[in-house]
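Student: Now for the letters of each chain:
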Amino acid sequence: MTSRTGIVLGIVLLALLPVVIRDEYFLHVMVMIEINVVMAVSLWLLGITGLISFGQAGFMFIGAMTTALLMKLGGWSFWVSLPLSAIMAAVVSAPVGRLSLRVKGVYFFLITLAFGEVVRGVFAYFEHPFGGWYGIRDIPPPSPAAIFTGMGKMPFYYLGLMLMLVTCAVIYRISRSWFGSVLWNIRESDVLAGSIGVDVPGFKLVAFIGSAFFSGLAGSFYATYIGYISPLVFTFEYSTNTLIFVVVGGFANIGGPIVGAVLLTLVSEGFRSIGKYQSMAFGLILVASVLLMPTGLIGAAQGWRERSQRRRRAVVPAADRQG
Amino acid sequence: MALLEVTGLTRRFGGLVAVNDVSLTVETGEIHGLIGPNGAGKTTLFNVISGSLPASGGRVMFDGADVTGLPIHKLASRGMVRTFQHSQLFLNFSVYRNVLAGMHIHASSGFWAGLIDSRSTRQRNAALAERAHELVRFVGLGGLEDAVAGSLPHGHKRILQVAIGLGPQPKLLLMDEPVAGMNHADVDRMMQLVRTLPTARGTTVVLVEHNMKAVMNTCDRISVLQFGRKIAAGLPEEVAADQAVIDAYLGVFDDDVA
Amino acid sequence: MTLALQILVTGLVTGLIYMMIALGVTLLFGIMRVVNFVHGELVMLAAFVVFAVNVQLGLPFWIALPAAMVMASVVAVGCQKLLFKPLNYEILNCFIVGIGASFAIKSASWAIFGPEPLAIPATIPGVVTFAGAFVAKQRLLAAGICIALTVALFLFLHFTRPGKAMRAVEQDHEAAILMGIVPENVYVIAFVISAALAAVGGAILGTLFGVDPEMGSDPLLKSFIIVQIGGMGSIAGTVLAGLFIGITDSITGTLFGGELAFIIDFAILMAILVVRPRGLFGYDV
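Chains as they are written, first to last, in my numbering: chain P, 1 to 323; chain V, 324 to 581; chain Y, 582 to 866.
Next up, chain P with everything else stripped away, as it sits in the complex (with noise of 0.2 Å):
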């Protein structure tokens, strides 16, 4: 009950947050957040099956340049080209997916990196419609106008918000939920889950587009904020980074990765001004998580809240524990 509670004064506060911090560049940061964070959730409802892509930023782009093409040269309205748009990338990770399962471990991460790469590729390729490496710019905000120029960042923050409380909210219950149990299941032992009756790679597919359709969510958003879209932008190392924030953060629960997505974020942007060596910077952090706090953020608390409850009951006197 307190968590709930916790969770409802955390949402007031984001909600405030904008009415008392008037900062532009503090808002662009958050926003920043948003994004990650839906990115770091759906790659963490993948990550329950067992199986992690790398090539998350593949799908962001294809829903990215689909609300480019549908705001920009069809005129449409964002409210409309972003369902189409997370849609989109739902809908081609869905061939992908079930080829890509065909492959078990190191296979299927490859083939997941290269999709990455072959989407940017692509885009890439075709100047016209995509843009090429030059991409897309002026892609419009939404609609109405008024409120999203006229307001600074102050609506797109508002609408990151809902965003991302939708996508958590819907990935937590689904982790929750009999099938969530079951992704559990096949990520301990995929065999023993097929044995006793669970189509596996049915179930793999079906978060593999889960994941994609957020994916793409977190593009169209960002096309419309930040008003421009490239190849260069949504690279092998953007999945990367989406990896760390949930390496970092910790797998056991949907509070690692909006954890790891949130510190990193704000740690990036302290590099802002180093420039080059954020790069270095998330490499090492990366590698460090990995060797010295293989579970994560959360985990790492999890283990000290443990061992500190442990050292709390072994005080108790022998003669109390009886019974």
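Worth flagging that the hints you see were computed from the coordinates, not collected in a lab. Treat the hints loosely; a few may be bogus.
[Unchecked claim] Among chain P residues calculated to face chain V with C-beta under 8 Å, some are:
{"id": "1", "residue": "Trp178"}
{"id": "2", "residue": "Asn185"}
{"id": "3", "residue": "Glu188"}
{"id": "4", "residue": "Ser189"}
{"id": "5", "residue": "Val191"}
{"id": "6", "residue": "Leu192"}
{"id": "7", "residue": "Gly194"}
{"id": "8", "residue": "Ser195"}
{"id": "9", "residue": "Val198"}
{"id": "10", "residue": "Asp199"}
Because the structure is a prediction, the values reported are computed rather than measured. Virtual Cβ for every residue (Gly too), placed ideally from N, Cα, C.
Could you slot chains V and Y onto chain P? The hints should help.
Tutor: Here is chains V and Y on its own, set in the frame of chain P:
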């Protein structure tokens, strides 16, 4: 009509014929043993029947339907479940959660209902929780429900495997070397459990085993393989007395039969 | 006809280079089931070493090359002992940690050398013609080195003690231990050899195309595709797939421009995976 009818099953790996035109039948309520010296092809035959490997030829009929070539999970939903020689468990989960997982097939009233945890799903799950507890007690792991599966001793792990396999309420349970690596006490426990399966759970059993004593004392009928072919089949006493079988094992029988 | 021959020859040479780099990947995976993501950066680092030794210090190529190979081996074994061994060579963790390390190394390289590509003069300048096709002598040298090393690798694996030990570990880990082979030593040799192959690849690429911090990414990605088509862990598969990809890239490059080549490669990979998920000659993971 036999529950399981294998006709002319063949499996080739390149030039090697691992299973050569093997036919056998398993009647409902039977405990059927599959034995043979090393390299006889029993594991391959087992894997083909249970859907882990495709057949190069022949047919598998289960419960009146042709199931040749179906993947493992489809066979499981039709009532044919297999256990594994190297224990496959959800090692990080508790014993109870492992067994509950086995109830998967019955756990949801449909895909979308399961996704959103509708009320009907939750009601079903409550009933399943009850069954899972009962199943844990049935196999004799009563006090260990909260123990982490990975921490169990070997014998208990194999029994847990059986409990998981019984979750889908299979008509046929295929057991791959159920007592491999067990001490005498554990072997007895396992085989005792196996003996109750047809009557207590309505589950017919086919098992592949090397432990002769266990096989002879538990199975109703036995099929013997050598070099990929079936060389004998019948009641344990008949098979033990069969000259071809004795030759195949080179006298191993006399030492192991109780 | 001349154009076709030109495409073929260029494709073969490039294919040989990528094949050699891919051999390092496949060797490591076959023996240890590990994919070393730093492999691409080894290619890049080796090229920089050759530049430093050959151009800045003025020493001949035949000294620069072994220097690069040694340096690459040191880095590779360093990664093995510091990164992969503590993780017990577990596939996923090693993959992720390798990515992190490769980012760090690439970043460091950017910081030290800057983004401008550097050039290494050809070891054998000049061009050879036959049947109307032009081939730079440097490319012939490159092809020769690749072929020689591949043959050497084959001989090593089949006719020397350490080589046979490697194949033993690859085929049956436990049996090899029972026979007195220490897997850890075999692993070190595997890392050294794969690093050496990467280094030679980097040196050659440096002389042909210049040196810059990003140069390792492309060969790495191509290696992954080659190794998946040919089958992880299979040398024959990697050789065939490498040559095939080299020629295919040359054809698409001439007809459509370079960027499409990668997409076509990927499409080919997907097509093969539909029919044969393990690649042409691969092992199961």
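Student: For each hint, tell me whether it holds in the structure or not.
Tutor: Checked hints:
With 8 Å as the threshold, the beta carbon of tryptophan 178 of chain P comes within range of chain V, its nearest partner Cβ sitting at about 4 Å, so the hint holds. Satisfaction of the interface hint for asparagine 185 of chain P is found here, the shortest Cβ-Cβ separation to chain V being roughly 5 Å, below the 8 Å cut-off. Below 8 Å, beta-carbon pairs count as interface contacts, and glutamate 188 of chain P has one with chain V at about 4 Å; its hint therefore holds. For serine 189 of chain P, the interface hint holds, the least distance from its beta-carbon to any beta-carbon of chain V being 5 Å, beneath 8 Å.
Proximity of valine 191 of chain P to chain V holds as hinted, the smallest CB-CB distance being about 5 Å (cut-off 8 Å). Satisfaction of the interface hint for leucine 192 of chain P is found here, the shortest Cβ-Cβ separation to chain V being roughly 4 Å, below the 8 Å cut-off. Evaluation of the glycine 194 of chain P hint against chain V yields a held restraint, the C-beta minimum of about 5 Å falling below 8 Å. With its C-beta approaching chain V no nearer than about 6 Å, serine 195 of chain P sits inside the 8 Å limit, and its interface hint holds.
Given the 8 Å rule on beta carbons, the hint for valine 198 of chain P holds: about 6 Å separates it from the nearest Cβ of chain V. Taken as an interface hint, aspartate 199 of chain P checks out: its beta carbon lies about 5 Å from the nearest beta carbon of chain V, inside 8 Å.
Violated hints are absent here; each numbered hint is respected by the structure.
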